[in-house]
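What follows is each chain in one-letter form.
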Amino acid sequence: MKSLIPTTLAGKVGVAGSFICVVLAVIGPWVAPYDPEKPTVDVLQAPGFAHPFGTDASGLDIFSVVIAAFRTDLSIALLGVGASFVLGLVLGSISGFSAAGGRIWGVLARIVDAALDVFQSIPVTVFALALAAIFGRGTGAVITAVIFVTTPVFARLIRSSLNSVVRGGLVASCRILGLGTMRTLTRHALPNSVDSAVANISVSLGVSVLLTAALSFLGAGVRPPTPEWGYVISMGANYVATGQWWISLMPGLVLCLSVVAFALTGEAVREWLAGAGLTAAAASEEAALSTGQTERTP
Amino acid sequence: MTEFHSPRSEDLSRPVLKIEDLRLTASQGTRELVKGVSLSVAPGRVLGLVGESGSGKSLTGLSCLGMLPQGIERSGGEVLVAGQPILDLAPSEQRRLRGSVVSMVLQDPLSGFHPMLTVGKQIFHSLQDHGVEKESARARVLEVLGQARLPEPEKVSNQFPHQLSGGMRQRAMIALALANRPSLLIADEPTTALDPTVQAGVLRLLRQLADDGLGVLFVTHNLGVVAGLCDEVSVMEHGLIVESGDVAQVLENPQHPYSIELLNASPRLSSPHILRPPLNGARTNEPPAISVEGASQRYGSRGIFGGGAVVNALSDISFEIPRGSTTSIVGESGSGKSTLTRLLVGLEKPTAGRVTVAGHDMATLNPASEREFRLKVQLVFQDASRSLDPRYTAEELLLEALCVADQKASQSAVLQLCDRVHLPRTILGQRTTHLSGGQRQRVAIARALARNPEILVADEPVSALDVTNQQRIMGLFRELVEDNSLTLIMVSHDLALVRDMTDTVITMYKGRLMEATPAEEFYRRPRNPYSQALLDAMPDPSRIGELPTVTVPALPGRVG
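Heads up: the sequence lines are chains R and P, in that order. Heads up: the first sequence at position 106 corresponds to 106 in the numbering used here, and the numbers run straight through without jumps. Heads up: the second sequence at position 18 corresponds to 18 in the numbering used here, and the numbers run straight through without jumps.
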């Protein structure tokens, strides 16, 4: 079995960062020095010994809020991306496996393709604002928005890998053998097609965190006083001009670092899956070797 | 014809390539892959380097260009190209030698060409890299394409690699390799992926180039090709040269046991093999296993706008195959034999005509009857690495195949199946990606045999394997035919390979059936001129110094 520790420095940093995020999401509210929902007597304090990230206009300790917000943001991300992955798996299978299925399957695939196109063409912020307007702001609306954004990506990744598996001969050989369509799909075609989608999970977590914050910033996200980065950033925005930069900057930095960590983890996962040698991708290094012209490749 | 290669100042007797005691090791010196190889190639001579896959012959070839793959290091010895130790030179010096002194042609020319530049442009670039003036480079592009015997050099020069046929592409590759007038050409299996008739043309071209003074190191596993093309031959086994000498001497009187084994494994057309008696075991009084009546298959757009290009992959094919017989379908790529296979196993439905296999009309195959049909008819794919799921172990794959017929298939059934195709039981726990090509193909065959099918269709079952493995797999097929009532249909482009186990030969050309003749008659004197051309083009280790001819007749009329 291949070692789970990433080989590249970027991969190591990313996995370590993601791990810290997850740990903080679990223990965050307990290790926070102050109650993230109860103001202290210190108002608009600059970062210092008592308040590492400073405090805001109402006296909330920013450090405690930021630490506690890991749980809010990450649980939204995990729920949303988890649901998207499953949904993407189903939709991607319908769309990508139609060539091996029957006529009804083909019709379903066309509907799914069209639906994905429509979904991807609606701007997500507008969609989320509309959701918040109709159903009221809250965690449910945010999760729905996350699912809305990330599902088409999973579906399309599954679809394109499935397509190449179907063309590759594996599916034909299953059919010749007399295996049923569903067994071929679930036991052979899908397991050989999920790699890129699995690697995309981590990237989507980052996307989700960013979206959650953006929606809070716009006032369509989770309901305060639930600790959330985007909300703190939007509150702090009013104070940047008057010199209280830390209110927005500190949560912004943490948000940024966690998104980067998730993105790097995604890359590390992709590399790990590719190196695990399960997909029969033969290295064609000889391809580059040719006559005297190898060096000139525009 | 202009001179291809202007011999440099050195005299002709001095070798252009001299390898002395070359040793290559992998993974930090733990495993020796090439264990002291010495050989030399003189100008105007062709040296064949023969061996199975994994013998180190390709590595030896690559080292002549100073292009060892990553992780492989030289642990000893010297490679002198035109007197220069190429492996010791700085990368910039190596680059200067590549193309102008030593050049290479690979098995797959597509991988050597840049897909988005025209052929002419790429040759032009390679000339410019070696400091040729713009004007003379342009002229040289057309000259060198002409010398590679490409018809209409101007047209080819403006085409992209994917627009050329396989043979044209390989000629273009040779033109590219020769653009800077090298004195040594390393050719690594340059004709293995080509049809016999096309291969014959490329071999002739290489021979002519050598006669003009080019030194060629020809890496191959095909002794038939060596017999026709090469002057000398070195046989390589496990990183060692076990025998070398004149082609005639080695092929007619091999000394080393491995050379003898290789030679025995090489299929040949000319030797007095015992042919199967006609229709041995076939039961002509029963309804035929397969009957094809006027089947056609065309691909193309029939959408609302129509008018798309229509390809007639098969036109009006009719034949019958009696139960228990062995039939070979032969033809070049593009002749429609793969399409025919897909029709026979029900992966496609014919656009016209009737195909009846094992009593099932292919046009009316529905999910219910398909299940029954699949138990009777099985297919072995050309490339087992693509048809077997890399995530499962051999045992799981075999068990899966057994379970289709019988849910309660047991461990002992797997072992039986394993023995039937002569797979060592020890490999059962391994994933197929860890198996050798021959073992993988055995797993694929075992899967096809799991339900005791009546009809087995094998699409080029051994073309991805080397000679010894080819012979072993063919031996297995022979056993299956002999002790079973199996109807075997073998699709192949290698006429020599299927020769002594086939009852009937069906020749295909451009989607048409040329002839369906009993094997004995076919190999003695085929009725169709195209079949004759196919037979003539087959390389044969006993035809020494005799290059196969290339006379493909214009689409002949149907006979038989």
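One or more hints might be untrue.
What the hints assert, rightly or not - Where chain R lies over chain P, by a calculated footprint (3+ residues, C-beta under 8 Å):
hint	region
1	379-388
2	396-404
Said to hold, decoys possible - Residues of chain R placed beyond 12 Å of chain P at every Cβ, according to the derived structure:
hint	residue
3	I5
4	E37
5	P47
6	L89
7	L129
8	S160
9	L170
10	C174
11	R175
12	I176
13	H188
14	P191
Derived from the structure by calculation, the hints contain no laboratory data. Everything numeric in this text was worked out from a predicted model, so none of it was measured. For glycine and all other residues, C-beta sits at the position ideal for the given N, C-alpha and C.
Hint-by-hint comparison with the structure:
1. 379-388: Since 7 is at least three, the answer is holds.
2. 396-404: The restraint on the region 396-404 of chain P holds, since 3 of its residues have a Cβ under 8 Å from chain R and three suffice.
3. I5: Correct as stated: the minimum Cβ-Cβ distance to chain P is 21 Å, above 12 Å.
4. E37: For E37 of chain R, whose nearest Cβ neighbour in chain P is about 49 Å away, the distance exceeds 12 Å, so it holds.
5. P47: 49 Å, holds
6. L89: At about 17 Å from chain P, L89 of chain R clears the 12 Å cut-off, so the statement holds.
7. L129: For L129 of chain R, whose nearest Cβ neighbour in chain P is about 41 Å away, the distance exceeds 12 Å, so it holds.
8. S160: 18 Å, holds
9. L170: Violated, because the least Cβ-Cβ distance between L170 of chain R and chain P comes to about 6 Å, which does not exceed 12 Å.
10. C174: Violated, since 8 Å does not exceed 12 Å.
11. R175: 7 Å, violated
12. I176: 5 Å, violated
13. H188: 5 Å, violated
14. P191: 6 Å, violated
Checked against the numbered hints given earlier, the structure breaks hints 9, 10, 11, 12, 13 and 14 and satisfies all the rest.
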